[in-house]
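Student: One letter stands for each residue in the lines below.
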Amino acid sequence: MAALRAAGAALLRPGRGAEAATRLGYHKKVVDHYENPRNVGSLDRNAKNVGTGLVGAPACGDVMKLQVEVDENGKIVDARFKTFGCGSAIASSSLATEWVKGKTVDEALKIKNTDIAKELCLPPVKLHCSMLAEDAIKAALADYKLKQDSNKEVSEKKANNA
Amino acid sequence: MRAALQRLVAVSWRPRVSRLAPRQRCAATGPAPAPRCWSCGSALPAAEGPPLFCPGCRALQPPGPHPDLFRLMACDRSFRVDAQQLQRRFRSLQRTVHPDRFGRRPPEEQYYSEQHSSLINKAYQTLLNPLSRGIYLLELHGMEPAQETDCDADSVFLMEIMDINEKLAESKNDGILEEIDTLIKVKQEELTREVAEAFERDDFQEAKKLLAKMKYFANLKDKLKNKKIPS
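Residue numbers (our numbering), protein chains in the order written: chain A, 1 to 162; chain B, 1001 to 1231.
Hints are computed from structural coordinates only; laboratory data are not their basis. Using N, Cα and C, we set each Cβ at its ideal position, and we do this for glycine too. Mixed in with the good hints there might be a few duds.
Under the rule of at most 30 Å between Cα atoms (straight-line distance), these lysine-lysine pairs were calculated in the DSS-like manner [as the list claims (entries may be wrong)]: (1) B/Lys1209 <-> A/Lys145; (2) A/Lys145 <-> A/Lys48; (3) B/Lys1225 <-> A/Lys29; (4) B/Lys1215 <-> A/Lys118; (5) A/Lys29 <-> B/Lys1227; (6) A/Lys147 <-> B/Lys1209; (7) B/Lys1221 <-> A/Lys28.
Here are some chain B residues the structure puts well away from chain A; computed CB gaps all over 12 Å [unchecked claim]: (8) Trp1038; (9) Glu1114; (10) Phe1217.
Required output: the full structure, derived from the provided sequences and hints.
Tutor: Here it is, written out as structure tokens:
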């Protein structure tokens, strides 16, 4: 919660509220994600079934972390995010965590930045925020897959040596 | 093929000028007409861009298009600038062109004074700040700045940025804020040094990477400033 507020501090003085944000040009859906954040936080990055995606946007200096917890059936059962950047970046990653929950890894890989941008009614100047969120999802899932592959290697080696 | 096309275009574009016809004002070929003072019509010397004042009537002239900010601020085109010299130049220029000095001049001249003054502010701010100076220098060297759609995946660096952001967000007392402030300052100084070295060896790719890192720290600095301001 504090992270979210601090992240938006540059744009929104705490306490000004949704009204001011809308006046500044943020769509109410973006403001909603900012005021009522979903899934802010962290998962244990060392856990075998957790994938962590950490991405940054060099042009604007936004940084986004998205984590997924996958069960033995390959279904994403939990997701968390932490984003330090503009309201649109926060909303994009918040929405991303909502959308990946309940999907399989392959289904989640199909989430496109254009879908996120459309859902949040992002203006053209903020489209890159949705791209960053898509990159974060892919990075988290790639990390998860890498972990599974290396775990598989380890258990195969053990089986061979036994 | 291309040469033939070029010849064709050149022939069809050449204006048919007879000795009796009035000289064409907007010639497709030939040198551009000499710029003239808007106030008295004298020809202006076009040596290194338009002069500030008309040599004839001393009226302030408009700034030229695409001014080189380094040249404007009398600095070498280099990442290393002498901040004091820059400030002296800034003040000297503003003393000459600031709108306060053109209060009794015709409206057109007042407008030009505003344009010059803004431009000098912009040049000063751009060259004073290492990040903006570096980005501007990259552009002058034909390097594309970081695109909005670029994505950084340097985990180690981004984790460091995440950490500092989290500490800042959770900080509850001035002591921690001071610690973070110092940390950011040290990192910025280090990066500035590295950028200077990269530019010195004309390693623009490296300079671009380092400037991207500086951007993250610049954002942190802004957030910290906002936290310090009592709301």
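Student: Would you mind marking each hint as holding or not holding in the structure?
Tutor: Now for the hints, and whether the structure bears them out:
1. B/Lys1209 <-> A/Lys145: holds, 28 Å
2. A/Lys145 <-> A/Lys48: Cα-Cα ~10 Å, so holds.
3. B/Lys1225 <-> A/Lys29: Answer holds: B/Lys1225 to A/Lys29 is near 28 Å, not above 30 Å.
4. B/Lys1215 <-> A/Lys118: holds, 28 Å
5. A/Lys29 <-> B/Lys1227: The hint holds at about 26 Å.
6. A/Lys147 <-> B/Lys1209: holds, 29 Å
7. B/Lys1221 <-> A/Lys28: Holds, because 29 Å separates the two Cα atoms, which is no more than 30 Å.
8. Trp1038: holds, 37 Å
9. Glu1114: holds, 27 Å
10. Phe1217: Contrary to the label, B/Phe1217 does not stay out of reach of chain A, its closest Cβ about 8 Å off (not over 12 Å).
Hint compliance for this structure: hint 10 is the single one not met.
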